[in-house]
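Since chain A is already given, all that's left is putting chain B on it; use the hints.
Chains A and B are the protein sequences, given in the same order.
Numbering-wise (this note's numbering), the first sequence opens with residue 1 and increments by one.
Numbering-wise (this note's numbering), the second sequence opens with residue 1 and increments by one.
Please keep in mind that the hints were generated in silico from the structure rather than gathered at the bench.
C-beta atoms are modelled at their ideal positions from N, C-alpha and C, and glycine is treated no differently.
Check the hints yourself; a few may be wrong.
[Stated by the list, open to error] Pairwise CB distance ranges, derived in the manner of DEER restraints:
hint	chain 1	residue 1	chain 2	residue 2	range
1	A	D382	B	K175	33 to 43 Å
2	B	F144	A	N135	38 to 48 Å
3	A	R75	B	G156	53 to 63 Å
4	B	L394	A	V380	36 to 46 Å
5	A	K161	B	Q290	33 to 43 Å
[Stated by the list, open to error] Straight-line Cα separation of at most 25 Å, BS3-like style, residue types lysine-lysine; simulated pairs:
hint	chain 1	residue 1	chain 2	residue 2
6	B	K404	A	K400
7	A	K374	B	K219
8	A	K446	A	K410
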Amino acid sequence: MDTDNILEMRGITKRFSGVVALDDVNLVVKRGEIHAICGENGAGKSTLMNVLSGIYPYGSYEGDIVYEGEPVEFRGIRDSERKGIVIIHQELALSPFLSIAENIFLGNEQASRGVVDWNRTNANAAELLARVGLNERPDTRIVDIGVGKQQLVEIAKALSKEVRLLILDEPTAALNDEDSAHLLGLIRELKDHGITSIIISHKLNELRAIADTTTIIRDGHTIDTLAMNGEVPVTEEHLIRLMVGRSMDNRFPDHVAHFGEEVLRVEDWTVHHPVDQGRKVVDRASIAVRRGEIVGLAGLMGAGRTELAMSLFGRTYGAHISGQAYKDGQPVELRSVHQAINHGLAYATEDRKRFGLNLIDTVQHNISAAALRKLSRRGVVDRREEGKVAEQYRRELNIKTPTVAVLAGKLSGGNQQKVVLSKWIFADPDVLILDEPTRGIDVGAKYEIYTIINRLADEGKGVIFISSELPELIGVCDRIYALSQGVVTGVVDRADFTQELLMTYMTMDKDGIAR
Amino acid sequence: MSTDLNLTSTNQPVDGPRLSIGQRMQGLGSSARQYGIFGALLVIILLFQLLTDGRLLMPNNVAALFQQNAYVMVLAIGMVMVIVAGHIDLSVGSVVAFVGGVVATSMASWGLPWMVAVLLGLAVGAVVGAWQGFWIAYVGIPAFIVTLAGMLIFRGLALAIVGETIAGLPPAFIKIAKGSLPNVLGFLGQMDWVTLVIGIAAVLAIAFSQLRARRSLHKHNLTVEPVGLFAVKLALIALGIGFLTVVLSKSAGGTPIILVIVGVLVVGYTFVMGRTVFGRHIYAIGGNRQAARLSGVDIRKIDFWIFVNIGMLAGAAAIVTTSRAGAAVAAAGDSFELDAIAACFIGGAAVTGGIGRVSGAIVGALVMGVLNMGLSIMGVDASWVKAIKGLVLLLAVAFDLVNKRRAGTQ
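In isolation and in its complexed conformation, chain A is listed as follows (with noise of 0.2 Å):
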């Protein structure tokens, strides 16, 4: 046992359900370093990361966590909280009307026989403020500060729990050029202080300026560990080989695609964060799809991809929308979902037991929830019509359910995807935006679902095909837009697509992109 390690994981193995998420993957991180883990949205990272913290309870994976020199088995993270691991998310864990303070200490209340005391609680809370660096009081509400001073609290959070090994999952995905720099700085002079960090990060330029060591994580399998700061730098050509370059096995139907004239474009797209109004999700996004084109939207998680996707489709994500949509040629107003579908548009959601189904109401009535005009006479549904329809739907997609009549809820995965399709379909749309039309269902309904894209393309409608996996993309799309911190930092053509090619303007830095 190396005592210059604190962690060691030793090939674990995670499987959800059948699926195995990470295969005998190993990290060794050294005491005092920053090591970062980079990889495809779905690499397994995230789960890496929920195995270490116990969020994923020992018994759940297979292998053997290392910590300090001695095998552990957290069964929550409560435990490995108390052994000195923070894990921080993405989605920041604050309650947002609660001051800093009461925040820095929730679930650890400064407190004696029950009784809060709140001159500790804030005198404790500024102490460690000041440690992070910033510059609030600690009975400002949660509300009342940005992101990036969030994060802060969180970290303060984490210091107050004597944390010696940090994890932070995608720490500056939603900030601002300063705040990350200030985010950065501050990690670094943590590690001076002796505190371990674990980044998980797709900023390439981030990763070479803070990281030591970078483990790159690819379909669940470790691929290789660098040292950032070896004689031979690292470049991020050299990084994005090993991110990329999942296997092309997946079979893709075959399609010679038609263009027709150009039905949709977008020009100069502007969304603001709803809440974070300060902060642009997409920039000056300017896209176009023709008739019979399949065009892909490849991005990093935080690219903006489904944001640009929403706020299209009648204004449903952000604020202060700017730019100006064209269908056939004429401008148009999407200003809300009504108008969106009128103008022939369609959305189907890439969460679709959230946004996409009523999933206690049936598969019949899911199918016609968005074209029920079509069904009725003078506000009446002729159920008749409906049922042939759904039924319809049902044999030519081939959704697996008894009878139409069956709550959509009960189906699997993959045919209540086919149900938010045919939902789609139904409504009869010019362009189609399917995001993750995929995610989570098998490989062989994935097959049917490619024949339907391909088959949507073939009778005229533009379809705009947003999906986290490159070899996907690169099977279905016949051009692909690839985004990076919301903007579009390349377009590719079929003949040109290869991942790393994708992969390096989907990490492009914003600001390196000539206008």
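Same frame as chain A, but now just chain B:
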């Protein structure tokens, strides 16, 4: 049809495995639940029939059951729509008092004919609903708050208008809640022919519509309940209505007018909820508000009209209540909102929205009504009746939850 994907003829039999009874029943989950409520009502009726030595189902008591509980049924119809959409309305009791005051004033002081006064009452109710709907749908204040405010506002206005009581209402108006259909067709023994004709017509209409619906399902290869279950269901419905008809035909007046009004409302609103785009949208926003919004449902418009509707039904309940009391009383409608809400939940509506039926709410109202009447015939003190009703509500919802958990649907 939207696409030119190869359309197969719908007359072909469904390919795929033959369905087991269990699988067939799966699609009927909600109707099976519905039978449960009817069963519970039946058990309660039989229980009290025994406990009261047969007095519960005496003709005049049955007629009174409907006359006494008509207001709950009318309000429960509006409330079940509100609850399915994921809201609540706490103001209906106060609105009943307020509209009652307006209606009574319009007849007693302004001398409006009773029919005009009735229309005025419905209109005022709708305006009250539009007022609340505006705050809920377009300003975005939770219905709980808006209708809690409404509860205070309209109780206050009722006190201001009514003072204590406004009496001296026209006899024709009072007949709405207290009168019966005239016995124009004479009698068969002790039985009123008008009631018998209505009962027979109702049985035939239900049997005909059920058979037609079943045939249409068959034709399109959709799930059909097993033939035995269907026959038993039809027979029970016929038996129930037949029994009710015979009992009512022997009551002092025959068919209460109010029963006809409630019947029309039930049929009408069942149609609205089950067959219209509006009804479908209510279930859609209750089941998953975000998904409904992203499917292009105008959520605000639906919310607004749901509250206009319950306002109008509160107006109708005000007319019924005022007519039955023979006068407008400022304290009228006290805790009516709770009766209506309880009826919906006993009748199987989901607290989280998206699930609930008009027929369920009516049965829920009847459960409460039978409890009320049975206990009061037995001479149980009114304070205990209240406590028992509260317990029944709690148990009904708990039973429902436990059942769902056992079915694994949470």
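Tested hints:
1. A/D382 <-> B/K175: 33 to 43 Å: holds (40 Å)
2. B/F144 <-> A/N135: 38 to 48 Å: Cβ of B/F144 to Cβ of A/N135: about 41 Å, so the range 38 to 48 Å holds.
3. A/R75 <-> B/G156: 53 to 63 Å: holds (58 Å)
4. B/L394 <-> A/V380: 36 to 46 Å: holds (38 Å)
5. A/K161 <-> B/Q290: 33 to 43 Å: About 36 Å separates the Cβ atoms of A/K161 and B/Q290, which means 33 to 43 Å holds.
6. B/K404 <-> A/K400: Measuring from Cα to Cα gives roughly 24 Å; hence the hint holds.
7. A/K374 <-> B/K219: This hinted pair holds, its Cα atoms lying about 22 Å apart.
8. A/K446 <-> A/K410: holds (19 Å)
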